[in-house]
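Quick mapping for you: the protein sequence lines, in order, are chains A and B. Position one of the first sequence corresponds to residue 1 (this note's numbering), numbered consecutively onward. Position one of the second sequence corresponds to residue 1 (this note's numbering), numbered consecutively onward.
Some hints here could point you the wrong way.
Output of the computed footprint for chain A on chain B, the stretches with three or more beta carbons under 8 Å from beta carbons of chain A [stated by the list, open to error]:
#, region
1, 122 to 131
2, 369 to 379
3, 389 to 395
For each label pair, taking beta carbons as the anchor points, the in silico distance ranges come out as [said to hold, decoys possible]:
#, chain 1, residue 1, chain 2, residue 2, range
4, B, Gly151, A, Leu23, 24 to 30 Å
5, A, Pro180, B, Lys25, 50 to 56 Å
6, A, Gln240, B, Leu15, 35 to 41 Å
7, A, Gln240, B, Arg422, 41 to 47 Å
8, A, Arg409, B, Lys25, 55 to 61 Å
9, A, Leu218, B, Arg422, 46 to 52 Å
10, A, Arg409, B, Arg408, 41 to 47 Å
11, A, Gln113, B, Ala243, 50 to 56 Å
12, B, Lys25, A, Gly51, 41 to 47 Å
13, A, Glu255, B, Arg6, 47 to 53 Å
No lab work stands behind these hints: they were computed from the structure. Computed from a predicted structure; not experimentally measured. All C-beta atoms in this analysis are idealised placements derived from N, C-alpha and C, irrespective of residue type, glycine included.
Protein chains: 2
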Amino acid sequence: MVSIPRGFRDFPPPLMILRKRILSKIEGVFKRYGFDPFETPALEYWETVRGKLGEEAESRLMFIFPDFLSKEWYALRYELTFPLARYVAMHPETPLPFKRYHIGRVWRHEEPQKGRYREFWQCDADTVGSPHPEADAEVISLNIDVMREFGFEGFTVKINDRRLLTGIFEEELGISDPIPVYRSIDKLDKVGEEGVRADLLSKGMHEGLVDRIMEVILKRGRFHELGSELSLSGNERISQALAHLEEIFSIVNDERLLFDLSLVRGLEYYTGPVFETVVSKPRIGSLAGGGRYDRLIGLYSGRDVPATGVSIGVERLIDAGLELGIFKLDEKSYVQVFVVSVRRDSWRYAWKVAGELREGGFNVSVDLMRRSQSNQREYARKLGAKVIAFVGPQEEGSGTVTLYSDGRRETVNLKGAVEAVRRLLSQSGS
Amino acid sequence: MVSIPRGFRDFPPPLMILRKRILSKIEGVFKRYGFDPFETPALEYWETVRGKLGEEAESRLMFIFPDFLSKEWYALRYELTFPLARYVAMHPETPLPFKRYHIGRVWRHEEPQKGRYREFWQCDADTVGSPHPEADAEVISLNIDVMREFGFEGFTVKINDRRLLTGIFEEELGISDPIPVYRSIDKLDKVGEEGVRADLLSKGMHEGLVDRIMEVILKRGRFHELGSELSLSGNERISQALAHLEEIFSIVNDERLLFDLSLVRGLEYYTGPVFETVVSKPRIGSLAGGGRYDRLIGLYSGRDVPATGVSIGVERLIDAGLELGIFKLDEKSYVQVFVVSVRRDSWRYAWKVAGELREGGFNVSVDLMRRSQSNQREYARKLGAKVIAFVGPQEEGSGTVTLYSDGRRETVNLKGAVEAVRRLLSQSGS
């Protein structure tokens, strides 16, 4: 039987119309913050990706395949940050800061489940070139504006800094391989405090160390209540991170921005602040996230260029918005006017009426099936067309069109039809 | 060295801004004709594609690769029509006619050259469900409107019908395998009349037959001068095709629509009218094309559903428009206002000014590099920002901002800044 690949989706018009509305709003915020559009190939050479995204992505989750003519191997785009880094490395002439947004699909060979697909869209905004906290603060403010734009309430942006994790766990607590510790504390939201403690103990750590780790990661909340406590150690990485975070907090100046030492984030290329945006309900994980990666471009070019950015997880945002009733699948079609041919021999005049209304800028359909009047109306109703334009011998004889909308009917001259349709559409609120 | 896969492209902001402008115009025409948005996966199962697109596509031009976990094989999307057919076959509940547009990328393992890429975008509009010439005429009219929308002059839409080719070459001329003949006549524009003749002779055809073939394919021009001549044979397929074309000509009623018996088109799934849009200059091949495929959906579902559509080749359209000067790469950035911090300590007020202007709906950038005033201005000039907003201790003290545009400078209250910027932008024509 014919089928669609597992974990992949078709988007029929009602879903696409909603998605385009949402993506266009996100794009509007990106543009207002001064980011410009950018696109890269769906495929990259596997050589370009290797060693950039970490063990799990590269060994298990990427679609990798050989070219059948050359000896090259390709990888389907796993995310949108490393192609940006590859581009900047190949184009050192790019004026800095380079502020680009990229809305595009990525592919991950996950086990499909609710809300998890093998093909999905990401919306990224990144600033390349600035090492300063202003650049981080800007993408965080942008992220908050995206959430506000959609009317999400009760969201928070959790922020941490990779240098704090290193400074505390490696340097202060002397843990030589902290990756398993990060994996454990990353689960705090899912398994709770006792879960993390049990996890750490099961990895063979002694109870004293686990106590100290737990004490550190539970330092959540407002930054200023915690910063001074942490800065006591005098560790250089910790001081750098705290100074950087201090400036971000001062610029963003939003109480939804919360310091959280248990925030880790998966990708390996982060070097400074990292953040994630979560909603209190539904329980769906993070809707956006990002951070600073000052060494990724250098992996390509040998010359580090500082960079920071945010990625909006539009699939989860849509799922959460639908569940909260913020988004509705209420628009089935863009068609605003359906021109009904009352009799078969009216079709040529119907075509003319449709042409006039299209010239006026409206989205118009005519009968293509040679259906009866009632079947044309039924189809127009299914599309959700706000205005039905009836065209019969009478209208053709008098050069008019009969418009029907919201239970009212009026006959207007063809010349006045554009104006009349505009009025009817504005009355019906579309 | 780091590189981008051969035949693939990055699109930096100036190219993306032009592409988005062009795609949005095409989308506007699609919508006005009553088509709705639609999207399908980048990958399809190879089983789904096999036997649908013809020998050349399937044996040589598709990216095909195995899943590394399951035993499935994938194919990167080669074009946008067969995924539509696959969707309709899987969703027999879809109300007909189903009029969808699809703007998306496709992949072909071509040898890269000027104007030919391994990854490119197509813009398709198709109507599923109607067997009538109205549906063909609608996508042809839409195609003509797209060309008019961009100001292309001197274009023609060549039209033919697969049933005419079959009726004439197989039934009238008794050629049992006409495919090599089609291949030869398809080259008419490239190699000329003598070239086609030589090509046919080299395939071992006798001179009398070649004379008759040449006589047939040179019947180009206005339909009505040729139709009556062809209809004399009484061959049923020929009669069906002529009646169908007759109606299309009558509805479209545009002298740029020209009957051309040498038009073949490559894809194998066409069953009725086929058409192609060409410009007289530059010599770039066809910019759009399409036709009727009444049996493709049946290959998936076992039940034929008539369908017809058009595909706009947006890469060639862009290349042709750039060469003709219709399109220009004149917009480097969406940024409309750049806020210059006159002194380092003005940055917090600059941030506030930027926020106000963003609330007003403008695209605004601020300094993220802690640059000098002159370096900020130089960067703003590179972006092409129409308005520069200067912010220094004087502005901060008085709650104002100094706007600079087109050689003029004025200081306004922060509250009036949105209105002032709107006025300056409308004066500078953006």
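Against the structure, the hints come out as follows:
| no. | hint | verdict |
| --- | --- | --- |
| 1 | 122 to 131 | holds (count 3) |
| 2 | 369 to 379 | holds (count 3) |
| 3 | 389 to 395 | violated (count 0) |
| 4 | Gly151/B / Leu23/A: 24 to 30 Å | holds (29 Å) |
| 5 | Pro180/A / Lys25/B: 50 to 56 Å | holds (54 Å) |
| 6 | Gln240/A / Leu15/B: 35 to 41 Å | holds (38 Å) |
| 7 | Gln240/A / Arg422/B: 41 to 47 Å | holds (43 Å) |
| 8 | Arg409/A / Lys25/B: 55 to 61 Å | violated (35 Å) |
| 9 | Leu218/A / Arg422/B: 46 to 52 Å | holds (50 Å) |
| 10 | Arg409/A / Arg408/B: 41 to 47 Å | violated (54 Å) |
| 11 | Gln113/A / Ala243/B: 50 to 56 Å | holds (54 Å) |
| 12 | Lys25/B / Gly51/A: 41 to 47 Å | holds (42 Å) |
| 13 | Glu255/A / Arg6/B: 47 to 53 Å | holds (51 Å) |
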